[in-house]
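Chemist: Each chain is listed here by its residues.
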Amino acid sequence: VRIATAEQPLSAALHVAERRGLFADRDVDVELLPTPTGRAALQAMLAGEAELATTAETPIVLAALDGHADAIAVLATLAQSTRGLAVIARADRGIERPPDLAGRSIGVTPKTNVEYFLDLFLTLHGLGPADVRLVPTAPEDLVGRALDGSLDAVATFEPHTARLLEALGRRARPFREPHIYTWLWNLCGRTDFVGRSPAAARAVLAAALEATGLVDDAPEAARAAMRPILGPLPKGSWDHIDFTMSLDQALVPKLENQADWALESRRRAAPAEPWGVLRMMRPGPLRSVDPHRVTLISGGA
Amino acid sequence: MTIRKRLSLLFVGLLSLLLVGGSVLTLTMRDAQRRADQTARAAHAQQYLFDLVSLAADVRPRNLARCRAQWAATRSALARLVSQDAALEGEERAALARLAPKTEDADAAFRLLAKTLEPEAAGGGPPDPSSSPPARARRDRLRAELRAHLTLDLRSTQAKLRHQQARLHEATRDDFDRLVILASVLLGTLLLSFVGLAWTTERSFLRPLGQVSEGMQKIAHEELEHRLALERSDELGALARAFDHMVERLEAQRDERARAESALSSKEEELRQAQKLEALGLLAGGIAHDFNNMLTVMKTYTEMAQGELESGSEAAEDMESVLQAAHKAQTLTHQLLAFARQKPGAPEPTDAAEVCAAMEKMLRRLLDASIALDLRIEPTSSRVVAGPGWLEQVVMNLVVNARDAVGARGHIRLEVVERELASTDPLLGDALAPGRCVVLSVIDDGEGMSEATLARVFEPFFTTKAPHRGTGLGLSTVRGIVHRMGGRIRCESAPGAGARFDVVLPAAAPEAEPASASAGASDLDLELSGRTVLIADDEPLIRAAVARALSAEGSRVLTADDGAAALALIEAEAASIDLLITDMVMPGAHGPEVAGRLRARRPEAQVLFLSGQGLAVDEVAPAPAPLLVKPFTLEDLTAAARAALAGRSSPASS
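Taken in sequence, the protein lines are chains A and B.
Going by our numbering, the first sequence opens with residue 1, and the numbers climb by one from there.
Going by our numbering, the second sequence opens with residue 1, and the numbers climb by one from there.
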């Protein structure tokens, strides 16, 4: 089984499972395919390069709106983070509070959950997309452009957040607003694969579940396991991650919200076919591994 | 180890075990109770979390106040519940600590959600109509995200709590398992302790007590050889040793008592034997006394009749035969008297070798020619104390006994040796003192005796001879004589091995040779005629025979038929009485009393005592006087009477 996974601390459970031989224990041969982002991982899966992928909910929604809803089976949420996303403004540009962002240029990577987070952030503080100047920026360019002053603020995610804060030092003014958005890191599978190999899907989920327990109980050991992949991480870059595996009902409104946002913000056109999030939910495999982990009220098998 | 120490160790061990086991059990139960409480609180907390999730999903502008109040109350109750677990330590505390940020985060999210609802709640109406639809959509999305965030926080908390519950459950199960194992170990140890206690009680107390009890019962049944022999170093061992020591002393006392009883029994047997002999002696003495009187009469009258007959005539030879028969009868009465220790004559130092040598001729006449008699008599320097005829009677009886034992053909040896016997010499036995002795032995090669016969060989009237061939008094008489001589006799014999009788006689103390009793023959010629002789005897035949014999010598004879008559005659005729011939024992007055009266009245009168009892005159008479022992011949009588008149003893008297 090939799993395309972004090189993210949120993916730690899969890496720990591989290193500890938890997949082999369940007679499933897993190959982890590293990708720069969750969106890339999902695209790799949809392209047939992998059977499973880890990604945030935003790429799922966008892919669904692109007509891949039937190809995507959401199996579980591996981890969640409330603090991974942040808006970091240049204090030296006079931005002290969120409302000070009005009329300012904010760098953000399009078609990511960061863009969605930024929308919620602005809404919370009484601003609309029209009140600021959104500048589409690739993730790797965000730090440089924030430093060279071409942007007044950036919306980004870990580990870029930590790096940017480190680079700007006292010039940075971080706005985190951890409660408005929970970043879910989901394990998705190709529908055909899940339907064809439910046992493999269950085995991967069982190994991942055991691994999340190990990571939760011993975060330092998990961090040491991830160091060869991610390199040295800034201090505190894992503290915001909650390695609790589930398939929660809350995922449904979140996906729906983001779909609405994508349509409203015209990032996608309305699909021709009637579209429903629940069609992508596959609670069966996780329920067979640990029924308590599934709190989905309704959904597919 | 003493019983006290053993018991102390046992009880201390048991008590320590109970204390340690009880403490561990109590601590484990306390842990189990604490986990059970914790599990109950976790379940309660789950309920609170469920309520909070429901509140988050349900919160609306119109019920905002109520939801806020409920949220606050539930959160407060949850916080109190969690704070009760604040005493937890280690991993459990860390797990609890991880719950706190999540619930706090959920609190913040709820407050934020409530804040977004406030404008509409305050307005009490529909959403702000001034806001644009996209703005309202964005606001709704924000609220939905806040709710989702809130829900995810709480669900994550629930999951973590569930994880903790699972751990608690596992720990509780471990506690229960531990409790079961501990209780089993404690119970098993207690059981083992009780088994050990029972075993120790059996081995240390009951079994040795049983042995002591059994031993005491055996001792009670006089099995004094029994010993407890408990090889123990405790109190019971000391008790057993003391008991064994006591039993040893009891056994020694019992043996001592048995020996004393055996000795007493032996003495009683000897006493019975002595009493029997005494009775026999009295009987024999009485018979012999009367018989002597008769013999005296018979011999006297026969001699008188013989004197009147022509010598060589047939009648005179018949009288001689009568006299010989009387003489043999006299020998028999002497034997009886000797048996009754009434043999006349005083014991005096005697040369046993000489006596035995002198008997050779007579002994050979006793034996048939087919029986060889061998005399091995060594001259002895020591003498033995013996009465007249005692040694002869001893030798005669032993040789006759040997003759009867060897039958028609055999060999008899008579030995006399003088020896110095040491204290260890078996010849001495228990009765004799070591020193110089004369040993007289009669050895035959006859048929010998069985052990049973040997045991009774000296018993009076015991005989193995055919009827009329023996009286059964021979050997008992020998023993009586030997004892009177201060010696002892022993017999060795076995069936077919002949018999050997050893008579051991202690040597007499050296003394002056007795003065010669010989007197001038002229004294014997003192005339009896013309003399007045008072004859006192209660036996009329004796009295008459003596009177006739003296009358025949020419004496004037006065007779008294008892002591009183004699005394009366003395009163009447004292002045004329020259000689009193009186029986020793008479009715009215005994001979010595009569003699005393006569001497008082006529001091120059002489006295001759007659006795069939063999008593010495000085034993009963106030003054010494000659004694003529019955039966006597006429010659003896006249000689004794003449000697008495001459104032001395005749050879026939003593």
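Hints may contain errors.
As the list claims (entries may be wrong) - Label pairs and their in silico Cβ distance ranges: (1) B:Asp37 - A:Asp141: 52 to 60 Å; (2) B:Ser54 - A:Asp27: 39 to 47 Å; (3) B:Arg30 - A:Glu49: 14 to 22 Å.
These are computed hints drawn from the structure, not numbers from a lab.
A quick note: this is a predicted structure, and the numbers were derived from the prediction, not measured.
Here a beta-carbon is modelled for each residue, glycine too, at the ideal position from N, C-alpha and C.
Chemist: The structure should be examined with respect to each hint, and the outcome stated for every one.
Modeler: Hints, verified against the model:
1. B:Asp37 - A:Asp141: 52 to 60 Å: Cβ of Asp37 of chain B to Cβ of Asp141 of chain A: about 57 Å, so the range 52 to 60 Å holds.
2. B:Ser54 - A:Asp27: 39 to 47 Å: 41 Å, holds
3. B:Arg30 - A:Glu49: 14 to 22 Å: 59 Å, violated
Checked against the numbered hints listed earlier, the structure breaks hint 3 alone; every other hint is satisfied.
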